[in-house]
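Those sequence lines, one after another, are chains A and B.
Residue numbers for the first sequence follow my numbering, so the first one is 1 and each next one is one higher.
Residue numbers for the second sequence follow my numbering, so the first one is 1 and each next one is one higher.
By construction, these hints were calculated from the structure, which means they are not laboratory data.
Don't take each hint at face value.
[Said to hold, decoys possible] Across the chosen pairs, the derived CB separations fall in these ranges: (1) B:Ala261 to A:Val225: 54 to 62 Å; (2) B:Glu317 to A:Leu68: 30 to 38 Å; (3) A:Leu68 to B:Glu353: 53 to 61 Å.
Since we're looking at a predicted model, the values are computed, not measured.
Just so you know, even glycine gets a beta-carbon here, dropped at the ideal spot from N, CA and C.
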Amino acid sequence: MTSLQHGAPPSRPPGRVDGGARTQDRDPRRQARARRRLMWSRLDVRASPYAFIAPFFLLFGVFGLFPLLYTVWVSLHDWSLIGGNEGWAGLDNYARLVTDPVFWNALYNTMGIFVLAVVPQLLLALLLADTLNRRIRFANLFRMTMILPYITSIAALAIVFSTLFGGEQFGLINQLLAAVGLEPIAWHGDRYAAWTAIAVMIDWRWTGYNALIYLAAMQSIPKDVYEAADLDGASRMRQFWQITIPLLRPTIVFTVIISTIGQMQLFTEPAIFDNSAGYGGGTQGQFQTVMMLVFEEVFTYQNYGYAAAVSWVLFLLVVVLGLINTWITSRIRGAE
Amino acid sequence: MSKRRRGARVAAAMLGGGALLMATACGGGGGEEDGEITLVLDTFGVMGYDALIEQYEEEHPNITIEERNVTDLANYTPQLQQNIAAGSGAGDVVAIEEGNIAQFLAQPDQFVDLNDHGGAELEDNFLGWKWEQGHAADGQLIGLGTDIGSMGMCYNVPLFEDAGLPTEPDEVSELWPTWDDFISTGEEFTEADTGASFVSTIQPYFRSVVAQQGGEPFQNREGDLVVEQTDSTREAYDTVTAMADAGLSASLPIWSEEWNAGIQNNAFATLPCPAWMLGHIESTAGEEGEGQWNVADVPGEGGNWGGSFLAVPAQSEHPEEAAELAKFLTSPEGQLSTWEEANVLPSSPEALESDEVTQFTRPYFNDAPVGEIYSATALELEPVYYGPDMQAIDDAFRQALESVEQGQAEPDEGWDNAIEEAQRATGER
Numbered sequence: 001m002t003s004l005q006h007g008a009p010p011s012r013p014p015g016r017v018d019g020g021a022r023t024q025d026r027d028p029r030r031q032a033r034a035r036r037r038l039m040w041s042r043l044d045v046r047a048s049p050y051a052f053i054a055p056f057f058l059l060f061g062v063f064g065l066f067p068l069l070y071t072v073w074v075s076l077h078d079w080s081l082i083g084g085n086e087g088w089a090g091l092d093n094y095a096r097l098v099t100d101p102v103f104w105n106a107l108y109n110t111m112g113i114f115v116l117a118v119v120p121q122l123l124l125a126l127l128l129a130d131t132l133n134r135r136i137r138f139a140n141l142f143r144m145t146m147i148l149p150y151i152t153s154i155a156a157l158a159i160v161f162s163t164l165f166g167g168e169q170f171g172l173i174n175q176l177l178a179a180v181g182l183e184p185i186a187w188h189g190d191r192y193a194a195w196t197a198i199a200v201m202i203d204w205r206w207t208g209y210n211a212l213i214y215l216a217a218m219q220s221i222p223k224d225v226y227e228a229a230d231l232d233g234a235s236r237m238r239q240f241w242q243i244t245i246p247l248l249r250p251t252i253v254f255t256v257i258i259s260t261i262g263q264m265q266l267f268t269e270p271a272i273f274d275n276s277a278g279y280g281g282g283t284q285g286q287f288q289t290v291m292m293l294v295f296e297e298v299f300t301y302q303n304y305g306y307a308a309a310v311s312w313v314l315f316l317l318v319v320v321l322g323l324i325n326t327w328i329t330s331r332i333r334g335a336e
Numbered sequence: 001m002s003k004r005r006r007g008a009r010v011a012a013a014m015l016g017g018g019a020l021l022m023a024t025a026c027g028g029g030g031g032e033e034d035g036e037i038t039l040v041l042d043t044f045g046v047m048g049y050d051a052l053i054e055q056y057e058e059e060h061p062n063i064t065i066e067e068r069n070v071t072d073l074a075n076y077t078p079q080l081q082q083n084i085a086a087g088s089g090a091g092d093v094v095a096i097e098e099g100n101i102a103q104f105l106a107q108p109d110q111f112v113d114l115n116d117h118g119g120a121e122l123e124d125n126f127l128g129w130k131w132e133q134g135h136a137a138d139g140q141l142i143g144l145g146t147d148i149g150s151m152g153m154c155y156n157v158p159l160f161e162d163a164g165l166p167t168e169p170d171e172v173s174e175l176w177p178t179w180d181d182f183i184s185t186g187e188e189f190t191e192a193d194t195g196a197s198f199v200s201t202i203q204p205y206f207r208s209v210v211a212q213q214g215g216e217p218f219q220n221r222e223g224d225l226v227v228e229q230t231d232s233t234r235e236a237y238d239t240v241t242a243m244a245d246a247g248l249s250a251s252l253p254i255w256s257e258e259w260n261a262g263i264q265n266n267a268f269a270t271l272p273c274p275a276w277m278l279g280h281i282e283s284t285a286g287e288e289g290e291g292q293w294n295v296a297d298v299p300g301e302g303g304n305w306g307g308s309f310l311a312v313p314a315q316s317e318h319p320e321e322a323a324e325l326a327k328f329l330t331s332p333e334g335q336l337s338t339w340e341e342a343n344v345l346p347s348s349p350e351a352l353e354s355d356e357v358t359q360f361t362r363p364y365f366n367d368a369p370v371g372e373i374y375s376a377t378a379l380e381l382e383p384v385y386y387g388p389d390m391q392a393i394d395d396a397f398r399q400a401l402e403s404v405e406q407g408q409a410e411p412d413e414g415w416d417n418a419i420e421e422a423q424r425a426t427g428e429r
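Isolated chain B, as found in the complex (with noise of 0.2 Å):
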């Protein structure tokens, strides 16, 4: 018998030195020779950091930077999740997303605070909503703002001209001071019969009315789920849906092929527009749908969709090193670079008022005065807070809204199915 537990013990141990030595062999924190030193950036979709890295390897000739991109958000995230709960494998500075931050602010252990590495100083890089969204509760520096999603409202010229609307920026955007406005102007788009559909899918104006109320419209800060209590999550809900009850909507899902196709063929005529969609609809379209579209304000206010952060995890094997990259990046001229290589919006106030980003048009977009319309209601946002839950709640509410637009549940069925799945999300079901 005692042999027998031996055995078992030998074996339990080969099994745990096996997994150390896997452990140790994924996370390739970087590697110190002579003071060489690599630093391990993880990136998702397209963050603009090419020059900066270039420039910051030239200015720190004992270090070297591996970028690792992800394409898509919905891998990077969990990803990032499982290294840093397994303590390994993370980079040693990663981007983190906007609508997913708080599920890392809750573990402020497994991150270094930037007030340690003068972090504090920062405070006037940053607008103010920014700024305070990179923190933990308890204070803890987390996470430096890189760049912002304020939104512009995009809209299908050719459509637009065939409906008989107006084409023009400011007069598009006068037809739609409210989002009441928005869907009249949509009814008498269905009217004109032009083939298309106003919108493509309600989601996305969801997300878009969500924002633009700002609180806390899912999850407060404690973690309880709040959607009930919120009365504008409702109203939001209750908007959109109305939208699909008006036979606005085209029933695309949104990111699916069929809704890419629906951009390529210019099946619908409008899109909430956070500055880093201009990018999908550039790069979705292609040649063909140069001059297509154009840029008008949102109904509403002005409202964030999205944009990112830098935090250093606390696994890191250069803390030290990587707040420094991480302030580099995200400092004013950084930002001001990767607006200028990919046209994600600076959340720096001085970057965002300086000429560079101002006075920037967009060719593709007719020469849409993209730079203008982006700063101007960035400067004027509610900040929102999404819980630890975010991706969950968002897409319960997602499958809800295409369920009602589909015809397949009546919105209070959809707004019951979306509460159900939330709860289990936040783990009260």
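Bound conformation, chain A alone (with noise of 0.2 Å):
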């Protein structure tokens, strides 16, 4: 502990004060290097935690805050590919965006899809957690099927679902509903049965991520409260409601705000449901988020002024979300 106090000067011991001074009065060369090397220790000491973290930040710096920031720049401007910056354009970027009628069909969507697939999310993760902390034969093999679909790859995932999610004649789930003699869905065409669509791709893909990371927590829960539990008698869904997710607090609020700032920022389980080549989300953009917008603009449309103002918005929309959620998370009661 002392030798973490950064600030302090290194203490001497009292005894060498008289002495020890006296002899390196006598010899100023000897002082001199001793001055410095205690100057060193003292740099280092102070200095080095810096250092040992600077590469990050640097980097951080360089790859994260300046594109950050430069983004508020460009979104000032008239900004295209070919010609680069065309001239100040002050808030004109974010006046166009709160009439663009586009912007606020992806960002409904985008809440849509959010909705759609985040609560029944995390709620599978929790009861899917909850079951493997039992004791089960093949736990193991349990617990590690369920990271499975999370370390398959992207481009696996979109030719199953673009198989399960075909049209009429191709598609697998109609197929099986023609058999039954119901009618087909539209899902790409119609716009709630795209966001189901995608909805069940993201779940899927990170239903067992999450799980994982409740599993964990819950594994840290001490036995004891639950046997107190059995002995009073409580059942299991009493023991899961009002000890389990107490318990589990700050993990819940931790996975909630990395799925918000995951889901504000949907991109890829959409783009790979498009059929095509671009990034419109549909025939009539049924299935266009925010992020495909912003793509959309840079690389169709090459006009990079009005993707920074879309991306901007979106960022202050995943702090203020994100708030909202960790408030509502937050009022969870705790075990205390």
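Take the two lone chains and join them into the complex the hints point to.
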């Protein structure tokens, strides 16, 4: 502990003050060397922690912070790929965004898919984790299996799900529906069907990931709490809601925030779900998310200024939503 | 304060230096040691240059050619545009597709004027309209033509037989002198109830009809959106939405997995076939598809869909040698070599009229005389001008047409949506 008091000068053993000082006085070179060594060690103690973490901040500065701030600059201009900076636009890009139905459509889709995907995902992950936390056969096998979707390549995911959610003729689900005499579902054409399909893709990939995080947290809950509850005659359900959930609160807050950030920037799943090469998100933008709109503005329309404005608004929305979700989840009754 | 500022400046300088370093590291334009030159050739899809590159390297021992091929045009063009805009990273010779060339013609400073390298004398090597398409507004020669995409109509032989329609190319061509006849043939086909649709999706038919009409279907040479002023574009739109109305379409989005599955499973009976489409059918349908398809004339006049150019970016360190390479690859002899290697149709009249092209039949397509079909229409083509925002406008129409055939929008509604998106693409909205 004493060695970590960076600010305090290294204390000298009291006995050496007189004698030691006098011998050093006699030899000014040795004295200077000692002072230098002292200075270096002080510098070492003070500066080296910063030196050690510097690579991260340097890289973050170059690849994270600089682009982030530069985006603000770009968003205040008319900016295209070919022409570069085409002049100051002030807040025009933001003004356009407010009145742009395409943006609001994309935001509606993003929020819709967010609710449709995240709520069942986290609930399912909780239940899965609770099941796997019990004493069952092959527990490790099941735990490993849960993470499989997460490490499966996106390309494979795209192929499998495009077969599942294909159209009337070649879609697997639609063929099953037809076999039992039901009407086919226009997975790509109908807005809410598309949301559902995308939510299924997201949940397939991320439920196991969240379940593992919950499972890790559950295993740190002391067993005697449950034993005590058992003695008092509490049912499994009651134990889950009154012991597990409250004790998991910090973990739940964490997963909710991570999911919020991830889902608001949702891009991969709807993009691979889309049949066309662009980022339109269906024939009428039925499932175009905000992030897809950013890509469309940049890569299809080469309109960097507007795309920068949209991404900044998205950033702010993520912050606001993250705060709201934190507030909501923190109202889960704590353990104390 | 001043100290802090200096710190910021140093940081900025370091950032800038780093960026420069990275830029030079990426821009492998070509090295030069003792007269040794490496030329980078950027291509997409299948262009058939293997034999030509080998020949050129043999004839020029000091030159090495490195071909960088990207399969999908949709990935290739944005990447090329970014490299051109960044001033480094593009090849010494780059392929540019017809639909995208206007966007590069609008940046003449970024390209070498091939007129300065003896390009002007090559006019007779190319079809007139192809030659024109490679020029910027100020007369600078930017692109030399490679292949063209003149059109035929592929049809599925067993399905035509099932429906009681003729199966010989000549007779099939007689079924549809016009697009209206094509639609009534489709209705006849649908009544026969073969379980398949007459068309896969109406989008490629739209591209075909638009290409046949020529002119400036989407944007004029000033870059203004003229879709609403061009009657022929709306006519093309109405023609193909009539197909959807008549229930001819399987509504399989083009290039999607399902569309490819449709080719494999004989789910539709016709497909507009620019020369390069034959390769797609063959590679998609595989061995089982052999003998399933044949090629007839397209309804209406001939038209061109696709084809490419070679250009030399101004950022090239060896513009002289790069221009020579581009001239070599696009010469009539070079184009014949690519025809033999990959069946991409030459844009050189000399090559088009040669026996190697006109006598060519393709066994996979029931020995269809594809050389004759394609070269005949190629000589009588209407040139089309696609504007700088062609890719985005094309996407907009594709979405609109799919929404109509899938029953999500009425034709008028789809048209309005396409116009809105197109205006977004050109910056008018």
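Evaluated hints:
1. B:Ala261 to A:Val225: 54 to 62 Å: holds (55 Å)
2. B:Glu317 to A:Leu68: 30 to 38 Å: holds (35 Å)
3. A:Leu68 to B:Glu353: 53 to 61 Å: holds (60 Å)
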